[in-house]
Amino acid sequence: MSEEEKGIEESMDDMEDWEIPDEIYSEDEAIEIVGDTMDSFLAIADVSCVYGAPLEKNGAVLIPAAEVLAVAGFGVGYGHGSGSSKPEVACCGECAEEELVDEDKDEDEEEEESGAPSGGGGGGGGKIFARPVAVVVVSPEGQVSVQPVVDPTKIVLAALAAGGIMVVTLLNLFKPRR
Amino acid sequence: MRLLLHSEEHEGEPIHAPGGVVITPQARAVCLELPGRHGGLVWNRPTAVKVQDASGQESFLPVVDVTRQAQISILVSAFLSTLLWVGIIWVVRKLVGKR
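Protein chains in written order, with the working numbering: chain B, 7 to 184; chain E, 12 to 110.
The set of hints was computed from the structure by calculation and includes no laboratory data. Wrong hints could be hidden among the right ones.
[Claimed, not checked] Computed spacing ranges between beta-carbons, pair by pair:
| hint | chain 1 | residue 1 | chain 2 | residue 2 | range |
| --- | --- | --- | --- | --- | --- |
| 1 | B | G128 | E | Q68 | 53 to 63 Å |
| 2 | E | L106 | B | P158 | 39 to 49 Å |
| 3 | E | G31 | B | G128 | 11 to 21 Å |
| 4 | E | Q68 | B | V173 | 47 to 57 Å |
| 5 | B | P158 | E | E19 | 54 to 64 Å |
| 6 | E | L95 | B | A59 | 46 to 56 Å |
| 7 | E | S84 | B | P146 | 31 to 41 Å |
[Unchecked claim] Calculated pairs, SDA-like style, for lysine to any residue (alpha carbon to alpha carbon, straight line, at most 20 Å):
| hint | chain 1 | residue 1 | chain 2 | residue 2 |
| --- | --- | --- | --- | --- |
| 8 | B | K63 | B | G148 |
| 9 | B | K63 | E | V33 |
| 10 | B | K181 | E | W101 |
| 11 | B | K181 | E | V97 |
| 12 | E | K61 | E | E20 |
| 13 | E | K105 | B | L176 |
| 14 | E | K61 | B | Q149 |
| 15 | B | K181 | E | K105 |
| 16 | E | K61 | B | G148 |
| 17 | B | K133 | E | L86 |
| 18 | E | K61 | E | E22 |
| 19 | E | K61 | E | F71 |
| 20 | B | K181 | E | W96 |
| 21 | E | K61 | B | S46 |
| 22 | B | K133 | B | A66 |
| 23 | B | K160 | E | V77 |
| 24 | B | K133 | B | G79 |
| 25 | B | K160 | B | Q149 |
| 26 | B | K133 | B | K63 |
| 27 | B | K133 | E | R104 |
Where a beta carbon is used, it is the ideal one built from N, C-alpha and C, also for glycine.
Just need the whole structure built from these sequences, with the hints factored in.
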């Protein structure tokens with residue numbers, strides 16, 4: 007693992023330390039969790055995520071620099087219905103009277119069982135891309151230079167894509183018209 | 012739907028290097044926050060390093076992304092040369108059509 011990757015990993019420790027609670031009982035709690043996650047996510051905008059820790063080798067100091075792109079999305083939903091959670095059963099008058107007597111007996115139990123049913127859920131996802139851009143080199147004499155990090159694969163891929171589009175466009179132009 | 016887009020410039024902690032040189036890294040972050048804090052995008056990249064030598068003189072060294080520059084120049088040159096070819100073919104076809 008390179009030093010800049012280590013630096014990014016260290017800066018992501020805050021996000022790793024953060025734990026999702028087993029149960030969330032209210033919408034406010036869920037929103038608070040999303041807010042905390044968002045704050046941790048925005049911490050990627052810090053300069054420490056872009057520059058790695060300085061490395062010393064043969065008297066020279068190397069500071070790696072990388073580009074970081076992070077994308078994330080979260081969603082939380084919470085809702086509750088109205089009325090009793092017990093299903094209503096249609097019956098005759100006598101039964102209704104009996105039920106009334108039963109209700110008087112189990113008033114406390116009934117209060118516990120009744121109430122609006124509720125539910126909620128949430129989810130999210132994200133991705134972090136990091137790419138080395140340059141290395142700041144300080145020589146033992148104190149000369150500072152910025153050495154770029156070139157990724158030939160990305161350049162070749164861009165050239166192939168551009169060339170392919172160009173060839174297809176020109177071939178379409180040279181096609182005989184019907 | 013309101014999007015919150017903002018750009019921030021950050022300066023890191025000064026790094027003391029050999030020869031009495033002090034290097035201060037600088038970066039720029041572009042943040043896009045979705046309304047309701049339901050997500051977003053953060054694009055953070057190094058921009059320059061501020062170099063202060065032993066005599067106290069300050070200078071800035073830009074951090075150039077050569078790979079990105081090469082990619083953009085290849086795509087732009089391909090687009091422009093395609094446009095040029097399309098123009099040439101169009102002119103030639105017009106001239107041949109006139110005859």
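Going through the hints against the structure:
G128/B and Q68/E have their C-beta atoms about 54 Å apart, which keeps the hinted 53 to 63 Å range intact. Judged by the Cβ atoms, the range 39 to 49 Å given for L106/E and P158/B holds: they are separated by roughly 43 Å. About 53 Å separates the C-beta atoms of G31/E and G128/B, a value inconsistent with the hinted range of 11 to 21 Å. Judged by the Cβ atoms, the range 47 to 57 Å given for Q68/E and V173/B holds: they are separated by roughly 52 Å.
Separated by about 32 Å at the C-beta atoms, P158/B and E19/E break the suggested range of 54 to 64 Å. Checked against the hint of 46 to 56 Å, the pair L95/E and A59/B passes, with Cβ atoms roughly 48 Å apart. Taking 31 to 41 Å as the suggested C-beta distance range, the pair S84/E and P146/B conforms, at roughly 35 Å. For the proposed pair K63/B and G148/B, the alpha carbon gap of about 14 Å is at most 20 Å, so the pair holds.
For the given pair, K63/B sits about 18 Å from V33/E by alpha-carbon distance, which is consistent with the 20 Å threshold. Annotation: proposed proximity of K181/B to W101/E holds, straight-line Cα distance about 13 Å (limit 20 Å). For the hint linking K181/B to V97/E, the alpha-carbon distance of about 13 Å falls within 20 Å, and the restraint holds. Taken as a hint, the K61/E and E20/E pair is honoured in the structure, with Cα atoms around 13 Å apart against an allowance of 20 Å.
Between the alpha carbons of K105/E and L176/B the distance comes to roughly 17 Å, so the proposed pair stays at or under 20 Å and holds. In summary, the hint linking K61/E to Q149/B is supported, as the alpha carbons are separated by about 13 Å, within the 20 Å threshold. For the proposed pair K181/B and K105/E, the alpha carbon gap of about 16 Å is at most 20 Å, so the pair holds. The hinted pair formed by K61/E and G148/B meets the criterion: a straight-line CA distance of about 14 Å does not exceed 20 Å.
Our distance criterion of 20 Å between C-alpha atoms is broken by K133/B and L86/E, whose separation comes to about 26 Å. About 9 Å separates the Cα atoms of K61/E and E22/E, which keeps this hinted pair within 20 Å; it holds. Between K61/E and F71/E, the direct Cα distance comes to roughly 5 Å. Compliance with the 20 Å bound is thereby established for this hinted pair. Between K181/B and W96/E the alpha-carbon distance is near 14 Å, which keeps this suggested pair within the 20 Å criterion.
The suggested pairing of K61/E with S46/B is violated, with an alpha-carbon distance near 28 Å, which exceeds 20 Å. A distance of roughly 34 Å separates the Cα atoms of K133/B and A66/B; the hinted pair therefore is violated under the 20 Å criterion. The straight-line distance between the Cα atoms of K160/B and V77/E is roughly 11 Å, inside the 20 Å bound, and the hint therefore holds. Between K133/B and G79/B the CA atoms are separated by roughly 10 Å; this keeps the pair inside 20 Å, and the hint holds.
Taken as a hint, the K160/B and Q149/B pair is broken in the structure, with Cα atoms around 31 Å apart against an allowance of 20 Å. Pair hint K133/B plus K63/B does not hold up; C-alpha atoms about 33 Å apart against a cutoff of 20 Å. This hinted pair does not check out: K133/B and R104/E have alpha carbons roughly 50 Å apart, beyond 20 Å.
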